[in-house]
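Chemist: What follows is the residue order along each chain.
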Amino acid sequence: MLNNFPLWPEQASTLAHRVDALYIFLLVITGTMALLVCTLVIFFAARFRHRPGVRAEQIEGSDALEITWSVIPLFIFMAIFVWGAVVYFRERTPPADSTEVYVVAKQWMWKVEHAEGQREINELHVPVGRDVKLIMTSQDVIHSFYIPAFRIKQDVLPGRYTVEWFHATKPGVYHLFCAEYCGTQHSGMVGSIVVMEPAQYEAWVSGNPSGPLSVSGEKTFAELGCSTCHRPDMQGRGPNLQGVYGKSVQLEDGRTVTADENYLRECILDPGSRRVKGYQPIMPTFQGLVTDEQINELVAYIKSLGDNQSGAKTTTRAASQLSGNAQPSGNQVQ
Amino acid sequence: MADSSTIMGLHQEEEHHPELLHHFAEAGQQRDAASLGMWVFLATEVMFFGGMFCAYLVYRHWYFGDFGAASKSIDATLGATNTAVLICSSLTVVLAVWAAQTARRALLIGMLVFTMLFGLAFLGIKSKEYYDKFEEHHVPGASFNFDHVPVPGHPGEYANPRHAEIFFSLYFVMTGLHALHMIIGLGIFTGLLVMAWKGRFTPEYHTPVEIGGLYWHFVDIVWIYLFPLLYLIDRHP
Amino acid sequence: MSMEIAIPQPVERENYLNKEYGALSWLLTTDHKRIALLYLVSITFFFFIGGFFALLIRLELLTPAGDLVQADTYNKLFTMHGMVMVFFFLIPSIPAVLGNFLVPMMIGAKDLAFPRINLLSWYLYIIGGALMLHCMLTGGVDTGWTFYTPFSTNFTNTKIVEAGIAIFIAGFSSILTGLNFVVTIHRMRAPGMTWSRLPLFIWAHYATSIIQLLGTPVIAITIVLVAAERALHLGIFDPKLGGDPLLFQHLFWFYSHPAVYIMILPSMGVVTEIIACFSRKRIFGYSFVAFSSIAIAVFGFLVWAHHMFVAGISVYSALVFSFLSYSVALPSAIKVFNWTATLYKGSIRYDAPMLYAFGFLGLFTIGGLTGLFLAALGIDVHVTDTYFVVAHFHYIMVGGAVMGYLGGMHFWWPKISGRLYPEGWARLAALIVFIGFNLTFFPQFILGYMGMPRRYYDYSHMPEFQVLHVLSTAGSTVLGVGYLLPMVYFLWSMRYGKPASDNPWNAAGLEWKTASPPPTFNFDEEPVVTWEAYNYEELDAPPHKQEVTVG
Numbered sequence: 074m075l076n077n078f079p080l081w082p083e084q085a086s087t088l089a090h091r092v093d094a095l096y097i098f099l100l101v102i103t104g105t106m107a108l109l110v111c112t113l114v115i116f117f118a119a120r121f122r123h124r125p126g127v128r129a130e131q132i133e134g135s136d137a138l139e140i141t142w143s144v145i146p147l148f149i150f151m152a153i154f155v156w157g158a159v160v161y162f163r164e165r166t167p168p169a170d171s172t173e174v175y176v177v178a179k180q181w182m183w184k185v186e187h188a189e190g191q192r193e194i195n196e197l198h199v200p201v202g203r204d205v206k207l208i209m210t211s212q213d214v215i216h217s218f219y220i221p222a223f224r225i226k227q228d229v230l231p232g233r234y235t236v237e238w239f240h241a242t243k244p245g246v247y248h249l250f251c252a253e254y255c256g257t258q259h260s261g262m263v264g265s266i267v268v269m270e271p272a273q274y275e276a277w278v279s280g281n282p283s284g285p286l287s288v289s290g291e292k293t294f295a296e297l298g299c300s301t302c303h304r305p306d307m308q309g310r311g312p313n314l315q316g317v318y319g320k321s322v323q324l325e326d327g328r329t330v331t332a333d334e335n336y337l338r339e340c341i342l343d344p345g346s347r348r349v350k351g352y353q354p355i356m357p358t359f360q361g362l363v364t365d366e367q368i369n370e371l372v373a374y375i376k377s378l379g380d381n382q383s384g385a386k387t388t389t390r391a392a393s394q395l396s397g398n399a400q401p402s403g404n405q406v407q
Numbered sequence: 008m009a010d011s012s013t014i015m016g017l018h019q020e021e022e023h024h025p026e027l028l029h030h031f032a033e034a035g036q037q038r039d040a041a042s043l044g045m046w047v048f049l050a051t052e053v054m055f056f057g058g059m060f061c062a063y064l065v066y067r068h069w070y071f072g073d074f075g076a077a078s079k080s081i082d083a084t085l086g087a088t089n090t091a092v093l094i095c096s097s098l099t100v101v102l103a104v105w106a107a108q109t110a111r112r113a114l115l116i117g118m119l120v121f122t123m124l125f126g127l128a129f130l131g132i133k134s135k136e137y138y139d140k141f142e143e144h145h146v147p148g149a150s151f152n153f154d155h156v157p158v159p160g161h162p163g164e165y166a167n168p169r170h171a172e173i174f175f176s177l178y179f180v181m182t183g184l185h186a187l188h189m190i191i192g193l194g195i196f197t198g199l200l201v202m203a204w205k206g207r208f209t210p211e212y213h214t215p216v217e218i219g220g221l222y223w224h225f226v227d228i229v230w231i232y233l234f235p236l237l238y239l240i241d242r243h244p
Numbered sequence: 008m009s010m011e012i013a014i015p016q017p018v019e020r021e022n023y024l025n026k027e028y029g030a031l032s033w034l035l036t037t038d039h040k041r042i043a044l045l046y047l048v049s050i051t052f053f054f055f056i057g058g059f060f061a062l063l064i065r066l067e068l069l070t071p072a073g074d075l076v077q078a079d080t081y082n083k084l085f086t087m088h089g090m091v092m093v094f095f096f097l098i099p100s101i102p103a104v105l106g107n108f109l110v111p112m113m114i115g116a117k118d119l120a121f122p123r124i125n126l127l128s129w130y131l132y133i134i135g136g137a138l139m140l141h142c143m144l145t146g147g148v149d150t151g152w153t154f155y156t157p158f159s160t161n162f163t164n165t166k167i168v169e170a171g172i173a174i175f176i177a178g179f180s181s182i183l184t185g186l187n188f189v190v191t192i193h194r195m196r197a198p199g200m201t202w203s204r205l206p207l208f209i210w211a212h213y214a215t216s217i218i219q220l221l222g223t224p225v226i227a228i229t230i231v232l233v234a235a236e237r238a239l240h241l242g243i244f245d246p247k248l249g250g251d252p253l254l255f256q257h258l259f260w261f262y263s264h265p266a267v268y269i270m271i272l273p274s275m276g277v278v279t280e281i282i283a284c285f286s287r288k289r290i291f292g293y294s295f296v297a298f299s300s301i302a303i304a305v306f307g308f309l310v311w312a313h314h315m316f317v318a319g320i321s322v323y324s325a326l327v328f329s330f331l332s333y334s335v336a337l338p339s340a341i342k343v344f345n346w347t348a349t350l351y352k353g354s355i356r357y358d359a360p361m362l363y364a365f366g367f368l369g370l371f372t373i374g375g376l377t378g379l380f381l382a383a384l385g386i387d388v389h390v391t392d393t394y395f396v397v398a399h400f401h402y403i404m405v406g407g408a409v410m411g412y413l414g415g416m417h418f419w420w421p422k423i424s425g426r427l428y429p430e431g432w433a434r435l436a437a438l439i440v441f442i443g444f445n446l447t448f449f450p451q452f453i454l455g456y457m458g459m460p461r462r463y464y465d466y467s468h469m470p471e472f473q474v475l476h477v478l479s480t481a482g483s484t485v486l487g488v489g490y491l492l493p494m495v496y497f498l499w500s501m502r503y504g505k506p507a508s509d510n511p512w513n514a515a516g517l518e519w520k521t522a523s524p525p526p527t528f529n530f531d532e533e534p535v536v537t538w539e540a541y542n543y544e545e546l547d548a549p550p551h552k553q554e555v556t557v558g
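Residue numbers (the working numbering), protein chains in the order written: chain A, 74 to 407; chain B, 8 to 244; chain C, 8 to 558.
Isolated chain A, as found in the complex (with noise of 0.2 Å):
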């Protein structure tokens, strides 16, 4: 039973020493702190117990001890927090380059859906030593994606993207938890993170039977008709999306926002609320129209189109890897 029984999680991700040596560290700052504490109750509770004749010896309070053991701990703790906030920061910060995975949460399981196309339910197959991205939303309650090995967990809300990202360094099989309650089956919604060596990833990969998300993404913004108004040139009735993923958007009412995930998925389900100047109020909303999945194909499209010529380039590399199955890519809208 004993080598069932570890007392530490596993480390799995680069993350996963950051946070280990925080909490090392917090481990024996409190460790100390609390022994500090004990040993001074236990040793003044014997030393000073009750003694017939020996009367208590009143002390007022000092100013300066009070002082002290207020502003060592306050050192002690901005310390803490400073480490706290540095490795948040890393967390919270995906790589540029990283690998994106979609993930849709609902009552009660995690549908995974990679960029190259895969789908797998409760399952996440990646690569070690590759950054890789979630962007995750749910289709009903609140769920968080959490992956213990890795120190990793991040909400998945419904009507928004949420992101996490993490860089395995070790192949094997890890837990995957919903970590916020989320109904009766809560405890049902656990999955693996299966990470495996590249030779092997590259193998899982080439099995897969359908094309890459943003050729399923150009098939759905045809198909929806997006195309006929958001046209690669400067001629249609809707902005040009070539480049748009990540750059910074002039509004209607002369605010500015970045291009991220949120505002593409924001812009298909309510296009009114933050129009891009210069544009008609034309484009209708396509809540309910879509789904969670489709609005996922749709945004990784749209990401994969870069400026005009390296949206071209992504474009021939994502057909090219099509070139081996039938997958038709005749619908393309260029």
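If you're looking for bench data, these hints aren't it; they were derived computationally from the structure. Do not take every clue at face value.
Claimed, not checked - When the alpha-carbon atoms are kept at most 25 Å apart in a straight line, the in silico DMTMM-like pairs for lysine to aspartate or glutamate are as follows:
| # | chain 1 | residue 1 | chain 2 | residue 2 |
| --- | --- | --- | --- | --- |
| 1 | A | Lys-179 | C | Glu-533 |
| 2 | C | Lys-352 | A | Asp-333 |
| 3 | B | Lys-79 | A | Glu-325 |
| 4 | B | Lys-79 | A | Asp-326 |
| 5 | C | Lys-247 | A | Asp-333 |
| 6 | A | Lys-243 | C | Glu-471 |
Model the placement of chains B and C on the given structure of chain A, informed by the hints.
Modeler: Okay, now just chains B and C, sitting in the frame of chain A:
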């Protein structure tokens, strides 16, 4: 309802004339305690409404234009009339307190009656407003309809009905709870009226009028905030 | 020891207990002491209900598979455990029982400022509690005590509205208690009882009342909005209708974080009194301990979003709230250091209340220090929503608040009942509670860091967690025994306990200067205070030495 009991409780404290209760050392202490109690209670009321104001501010920031459009659909004249009614009622409350301090029983009764009439007028106008909203399908729920309402200042653009629905949700919750406070206030003033009729108030003892008045002023002040936020955010001359 | 030389009163004096008899004399009483006892009975009832749920939860987790109860039942169990314990036991526990009993006496008043409101607040509590019971018996709620939207508004068909109303009503009971305390402490102090002479128990209750007054209305309006959203399909928190579920979390934690201080501050006050008495010393750094209570109440309102570091708030707000969370840790640390320093050069006895206070010190220190882990952003991401959090808040709310509550019950039991509890049994119970508590909750820290998420009824995917769960369940049965014991011997002592003298501990404080049990208006004549708080030096001065010699 709980707040009403507090109020009732507060002046029940001093129901028996001569009004000094056993656990107070002297009348001054008792009066101070009652008025401090009311002030503290009003502080909790501020937080109670504060939660809703906070929700309002968040969504007003998010759905700026939609809130403007929705706000514009409410009859500001009715709102302004109601504001005037409440300001008048505050005046009559102040006069009632003064009448109690200076032992003018008839004036006190008159002012209490006027205050209550103003309160009733407020509720009447409010129900007219609710009725209009109901007619226009602006009550959130299945039959809510806010299609094709232009956003002020943005020609050609229509408010998002879902966002307008949030405005009306907040509108009904906020004005509804305010109206509930008004009704409780009317209850308190009925109690005061009965006590005044029986001649229970003297220049030495009129704490119930004072703290009842405090409550009434508070309800008025909440309205003074609600009125611009709900009626006036997008009116341009 | 002093209690053994207490002289039984030959003729029983008239006191608040024997003045009147009959159910009505209790149900219509405006005497704060009788209302305190009404509360004592009712919160004990809810404590054992909540505890029963807790035991079922622990039993279910004994094995990895979900085999004792169904998933739905389990979800209702932890929800009702949380709601009952938080809203119907912990929040009213010390303020409504010990606070109600002692606040007027400690400041030399005949009663609270508004006795009828005090009774009203008990009735509100009972109405809320009855609704909650009805809700439990007819199906219960399965959202967790946190009511997170949109699950609570659109995705569950359990009795959210009824539970919401129950909590709303109980919330008003809490507000009215706070209102009564604030006004009483401001306006009803006896001549000479200046602010700097107030016992620190009073300061702690003053700080608690501020939180009750300013925090509770926010949860009240939040619950109104959730109920309205469920009943009328408003869209305030529903993302499908353009609302924001995070707004709910902000409003909820704006109350529910300070609510933790409603639970722990009074307990700190109790422990301060006990430590001073059993060390025979003035508390070290009186003004620092007093103002740290106020600081906790104020800063407590500024840290709510530290429950939401992974909920989808921005990195910058997370930074601010992490920083502020450390600011609220500081006053707690100052208190711990001051209590420890008070022991220095004291004359320390190990009576049961002091054992509870020692237990409080240890457990609260661990609970507080693990709070530092949770406030550290990088670590919180890993451990939030795991058993680490569960262990942390139980260390504060059970290890801290309940230890203090039990310590206080023992300390003031002679005053409340006029009888002495059996000291040996009481010390044994304190020991059992301490051991049982640590056995139950310490393994949960390790479980949490290893990644065990909370609110799981079935962990058959991760059987490696079973050893720690078994330890925890074993501990919970020990803890259960530890909690039953005091109830048994308190009841026993009401009839068979030795009569207590007016001041069995030879303690400072006005409440000990009147009879045990006190007369209805507390004091036969209005006290005039001419001494500082915790004047143990005068109490123990040689002229009075004949009182106590050997224990």
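Chemist: Compare the structure with each hint and give your call.
Modeler: Hints, verified against the model:
no.	hint	result
1	A:Lys-179 x C:Glu-533	violated, 66 Å
2	C:Lys-352 x A:Asp-333	violated, 64 Å
3	B:Lys-79 x A:Glu-325	holds, 21 Å
4	B:Lys-79 x A:Asp-326	holds, 19 Å
5	C:Lys-247 x A:Asp-333	holds, 21 Å
6	A:Lys-243 x C:Glu-471	holds, 20 Å
In this structure, the earlier hints numbered 1 and 2 are contradicted, and the remaining ones agree with it.
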